[in-house]
Amino acid sequence: MSSWISPSTRTELIEDLVSGVDRYNPSNVSILEDYLYHQIRSEEYDCLANLAILKLCVSSLRNRKNPVDSNSSYQFNPELYNPDVVVNILIKALTACPLPDFNLCISLLDERPVSANLDEPDPLPVLLPILKGLHSLLYRCRFPKFWEDYHSDDLEALRDNYTVECVGFENAVREVAVRAVKAAFTEISTKRLGSYLDLTGTKM
6 MSSWISPSTR
16 TELIEDLVSG
26 VDRYNPSNVS
36 ILEDYLYHQI
46 RSEEYDCLAN
56 LAILKLCVSS
66 LRNRKNPVDS
76 NSSYQFNPEL
86 YNPDVVVNIL
96 IKALTACPLP
106 DFNLCISLLD
116 ERPVSANLDE
126 PDPLPVLLPI
136 LKGLHSLLYR
146 CRFPKFWEDY
156 HSDDLEALRD
166 NYTVECVGFE
176 NAVREVAVRA
186 VKAAFTEIST
196 KRLGSYLDLT
206 GTKM
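Counting in our numbering, the sequence shown runs from 6 upward without gaps.
Among the hints, a few may not be true.
Listed next, the in silico SDA-like pairs over lysine to any residue satisfying Cα-Cα at most 25 Å (straight line) [claimed, not checked]: (1) Lys187 <-> Leu198; (2) Lys187 <-> Asp39; (3) Lys150 <-> Arg179.
Across the chosen pairs, the derived CB separations fall in these ranges [said to hold, decoys possible]: (4) Tyr144 <-> Asp124: 33 to 43 Å; (5) Ser141 <-> Val186: 10 to 20 Å; (6) Arg46 <-> Glu84: 36 to 46 Å; (7) Asn108 <-> Asp39: 23 to 33 Å.
Don't read these hints as lab results, they were simulated from the structure. Using N, Cα and C, we set each Cβ at its ideal position, and we do this for glycine too.
Throw the hints in and build the complete structure from the sequences for me.
So, in C-alpha cells, the structure goes:
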C-alpha cells in the first residue's frame with residue numbers, strides 16, 4: 006500500500022505537487038502530464054499523480070454545501086482537458102487490476118464536461134467503453150477473451166495510437182494474469198497458462 010501512495014520512483018517535485026496544496030494549481034498540469042509520459046516510456050506507474058491530473062482537468066465536484074443535490078456542481082479547469090492524456094491514464098490504470106485504480110479514474114470521468122474547444126474529434130467517447138470492457142475482462146480474470154478482444158480489428162486504433170506507445174503494456178497485463186494464477190492455482194497446464202498470457206512455444 007505504501008508503494009501505491011508514494012512510489013519509490015516518484016521525484017521530490019512530484020511528491021510536493023501530489024501531497025501539497027499545489028495539486029489544485031492548474032499551472033502544474035504540464036508538469037504532471039510530463040510525468041505521465043515518463044511513466045509510459047519507463048514502465049513506471051503512479052496512480053495518485055495521474056488522479057491529480059484528472060481532478061484538475063476533467064472532474065466535477067459536488068457543491069459541498071449541498072452534497073445531496075446532484076445538479077449543484079462546478080467544474081475544475083475544463084479548458085485543460087486533453088483526451089489523449091485521459092486515455093493514457095486509463096491504459097496505465099488497466100495494468101493495476103485488480104486494484105481499484107481504474108474505477109477511481111472512471112469515477113472522476115463520469116461527470117466530465119463536454120469539451121467544445123478541441124481542434125480534433127474527442128476520441129474518449131469511443132474509447133471509454135472499450136477500455137471499460139477490457140478492464141471488466143481483466144477484473145473477472147477472463148484473460149483469453151481479453152487478448153481476443155485486444156487483438157481484434159475493432160481495437161486497432163487503440164493499439165496503433167495508444168498502447169503501442171505504452172512501453173511494456175502487454176507484459177504488464179501478463180503480470181496481472183500471473184498474479185491471478187498464483188492466487189488461484191496450485192498447478193496449471195502450459196497450454197492453459199499460455200492462453201492466459203497470450204504466449205505460445207518458446208515465448209513461454
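Quick rundown of the hints versus the structure:
1. Lys187 <-> Leu198: holds, 11 Å
2. Lys187 <-> Asp39: violated, 35 Å
3. Lys150 <-> Arg179: holds, 13 Å
4. Tyr144 <-> Asp124: 33 to 43 Å: With a Cβ separation near 35 Å, Tyr144 and Asp124 satisfy 33 to 43 Å, so the hint holds.
5. Ser141 <-> Val186: 10 to 20 Å: The hinted range 10 to 20 Å holds for Ser141 and Val186, with Cβ atoms some 19 Å apart.
6. Arg46 <-> Glu84: 36 to 46 Å: violated, 27 Å
7. Asn108 <-> Asp39: 23 to 33 Å: holds, 26 Å
The structure fails to meet hints 2 and 6 from the earlier list, while all remaining hints are met.
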